[in-house]
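These are the residues of each chain, in order.
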Amino acid sequence: MPDNAAAARVPAKKPSRVLTGTHFMVGDHACAEGALAAGMDFFGGYPITPSTEIAELIARRLPPLGGRFVQMEDELASIAAIIGASAAGARSFTATSGPGFSLMMENIGLAAMMEVPCVIADVQRASPSTGLPTMVGQSDILQARWGSHGDYGVIAYCPDSPQECFDLTVRAFNDADKYRVPVFILLDEVVGHMAERVVIPPAEEIPIVRRKGPNFPPGERRFLGYAPDDDMVPPMAHAGDGYKVHMTGLTHDEKGYPALTPEIHDKLVNRLVDKIRLHASEIEMHEEIALDDAETVVVSFGCTARSARHAVNEARAEGISCGLLRLITVWPFPERRIRELIERGKVKRFIVPEINLGQLRREIERLTQLPVLRLNHAGGAMLKPDAILELIRS
Amino acid sequence: MSVTEQVIQPAANIHPIDNLLRADRLPHILCPGCGIGTVIHGYAHAIAASGLPEDQHVCVSGIGCSGRAAGYVNVDSYHTTHGRALPFALGIAVHKPELKVTVISGDGDLASIGGNHLIHAARRNVDMTVICINNFNYGMTGGQVGPTTPIGAKGTTAPDGAIEQPFNLPYLAKATGAVFVARWTILHVREFQDAVLRSMNKKGFGFIEVLAPCPTSFGKSNKIGDGLHEVEIYRQRCQIRHGATNLEEFDIDLIDDTKPIVVGNFVDVERKHFLG
Amino acid sequence: MSKAAARTIQVRFGGVGGQGIVLCGRLLGKAAALFDGKDAVCTQSYGPEARGGASRSDVVVSEGRVDYPFVTEADVLVAFFQEAYVKFRSALRPGGLLIYDTALVHSVPDEANAFGLPATAIAEELGNRLAANIVMLGFLVGKTGVISREAAEEAIRATVKPRILDLNLRAFDAGYSRAQAEAAA
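Protein chains in written order, with the working numbering: chain S, 1 to 394; chain H, 1 to 276; chain Z, 1 to 185.
In case anyone wonders, no lab produced these hints; they're calculated from the structure.
You may find that some hints are simply not true.
Unchecked claim - Think about it this way: if two alpha-carbon atoms lie no more than 30 Å apart in a straight line, the pair counts; the simulated BS3-like pairs of lysine-lysine are: (1) H:Lys-272 <-> H:Lys-96; (2) H:Lys-272 <-> S:Lys-14; (3) S:Lys-14 <-> Z:Lys-161.
To be verified - Label-pair ranges, simulated between beta-carbon atoms: (4) H:Thr-141 <-> S:Gly-150: 17 to 25 Å; (5) H:Ala-49 <-> S:Gly-21: 51 to 59 Å; (6) H:Val-189 <-> S:Met-285: 57 to 65 Å; (7) S:Arg-336 <-> Z:Val-86: 27 to 35 Å.
All C-beta atoms, glycine included, are put in the ideal place defined by N, C-alpha and C.
Using the sequences and the hints, build the whole thing.
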C-alpha cells in the first residue's frame, strides 16, 4: 500500500458506485452516496463536525471506484483543490460546516467568477464562531447567498430528510455543471445525523447532466472560453483538453483574458447573476401543503420544516386555515410563488420559524406588507411542532 | 556548427518559444527591469525542451506581479486567488496525473498567505514544479515588506527597515519534504531553465526559488538603482554550491555585501510521491 | 392528541458508550422502516454528549409520517445503566414502559410498568455479555410489539457481521421469549 492510502487507487473488487436499494441511513451518508451516484470523482475536504461523516464515507467508498479523496490542510485548500480538479474535468465535492464554510468564501467567489462547477455540502451547526459544534443551526442561509464579496448567482438546496440529502445532492451536481456555478447543499445537524429510510434508485434511473464543452476539436480554431451561448452559460474546456484556456478571477473578456474596464465588468457580473436569476423557474423547488386557501402561510426549510409540517397538519385538523411552503431551494428563493400567494389576497400573514434570528424572514418581509411572524431560536435544538402550532393558533 | 551552415538555415519567422507565449496579451504589465519576464522565458524554454506536447502542460499562479505569469504562457493556465495556487494545482495534478503542472507565483503569495499550503504540498510530495519568484517584497501593491524581506531592507510598511527574520525558502522546502530544491537568480538563465526541466522530469514536489529584481518597488527603497544593478549584485555575490546540505546557512542578505548569495541545485532525492 | 400522534411510539435507549445503545436504535428503526412498512427515525447523542456520562439513542416509529425526529415524551425507556436511568427517567411519559438491566440499574422505585431483566447475565450464558443490548431489544419487541419479530430478525441479519449473527439472533430470541413468557404468566 502507498503511504497515502486515501489518495491511492485501490484495486477494485467490483465496488458499486450506486447503492441501489432501500437503506436506513443518516443524512450525511445519504448526501455522500448522492455525490457518488452523481459521478463525483474528486473530494477535497477537512474534517469538521457535524459534516465529517460525509468525508469518512467518501474516503472509504471513492478510491475503489477510481476517484480521488484528499484530506486537505484546511478549508481554504479544500475549496481551491475542488475548483482546480473541476477545472481539469472532475465532478468535485467538499463537505464542511459553518466555520469551514466561512473560510471557503473567497474561493466560492472564484468559482463563481471563473464559472467552475463544484458542489459544497454545508452541514449547519449552531453559530456564530465555534458555537455549538455538535448541535443544530440554520444560520448559514444568508452566508450561502452573500458570503463572498460581490454579486454572483448561486444555487442552494435545503434537504429536510436523508432521502432528500441523496436526491438533492444528485441534482446539485447536475445544476453545478449545467449552469457552471458553485452549488450548496445546506444540510443541518439534525438532518445530517438522523437515520431514516433512503431509497436509492437503479443507476440508469439517476439523471446525469454534464457540463457542455467546445463543439469543435482543439486546434481547429480559437476556443473562446467565456463566450456564452443563448442560455448565458459558456461551454467549458478542461486542463489537458488542448484548447489552451486561460481562467482568472480578474474581470475577463470572452477569451478569459483580464479586461479591466467598468463596461466589461458590469456585463460579466450581470451575466453571472442573470444566468441563475433568469433560470430560476427551472432551478427553484418547493413543497406546498394546503396553500390554496391558506390565511396563515408557514414558510420553512430543512429540519424546521418537519416541525412546521406537523404543526400545519395539526392546525388544519383543528379547522385553522393554514398551509406550508417548504423551500427545497432556498436560493433561488421562490419569490414568484410568494408574490402569487400575496396577490391572490387570501393570505393574512406569514409565519417563519427558523433556527437563526430571522434570516429567511428578511426575504419575505422584502416582498410583503403583511405581518411576518417570527419564531426563532439561535441554535442548539430543533424548534418543536407545538411552538409553531401555538403561533398558528394565535 | 560552422558559420556557413548557420547562414543556410531557413530563416525562421518565429522565435522557438513564440507559440508558448500568448502574443495577443502583449505588451505585458511588468515594469522595466523586472525579472518576471526572464522567468517566463525560462519556463517556456523548459516546456519546449520537455518533449511533452504543450497541451500536457498546465500553469497555475496566485496573485501579485508574479501571479500574472500564468496569463502570458500559452498553455492551459489558471490565475487563482491570493495564496491558493498550490491547492488549486493539487486538484488538477491529482485528477489528471498525466499533466505536467507548474505553479509560478511570488514569495508573498507562496510563503506568506499561502505558506501553509506550501509546506503541506511539499509534505505530500505532490507531483508539481513550483517556481517561486522572490523579489523580497510585495511589488504589485507598491513595495510592502514580506516574508522574505531581508532584515534591514526597507518597505512601505517597514519604513525603518524590516526587523523580522525572513524565510530561507530552499531550507523550508527541503525541511518540509520537497524532492527537488534549487535557488537561482534571473542572471542564471540557463541554470534556472535546466532546474525547471529537471524538476518537471522528476515525479514529486520540486521547488525552485528564483531571485528577481523589482526595481520599481524594492530597488528604489533600498539603494538598488535599477534592475541591472540588482543583477550586478547577483553576479558579484552569487556562489554556486550544487548539492549543498547546509541550507540553513543560506540566508540572503542584500545589504551586507560581504555575504555570499548561495545558489545551486541543492536537493535531488527520491521519495514516494503523492500518487505513487 | 391527534390521530397521527396516537399511532406513534417513541422509544429511548439510554446507557453509556460501548453498550450498543446506538446499534439498538438503528436496528429498531431499520426493522420498522425497511421490513415492517412503517416510518421510523433514529437519532442519537453526539460528540462530548455521547462520550461523557449517559448517552441516548431515540427511535420514533409511526404508522404515519414521522415529522419531529426526537423523543418528546418516551412511551418506552430502555435503561442500560443507572446513570442513564436517572438522567432519562423524566423523559418517560406517565404510565410509560420502563425496561432495565437488573445488573446495571439498581435503584428503580417500584413502578407498575417497570420491567427488569438480567440481560447481561443472559448474554453471558449465551456466550458474550456484549449481546446484552440485543437481549434488551428482544424483550422490548416481545413486550410492546412496536415492530414484528420477523422485521427485527431481518434487520439483525442485514446489519451485524456474519461471525456474530447467530449470537445476536439467539440473544434477541432470549429477550423476546422472556417477554412472551412474562405476558403469559
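Compare the structure with the hints numbered earlier in the document and write down the numbers of the violated ones, lowest to highest. 7
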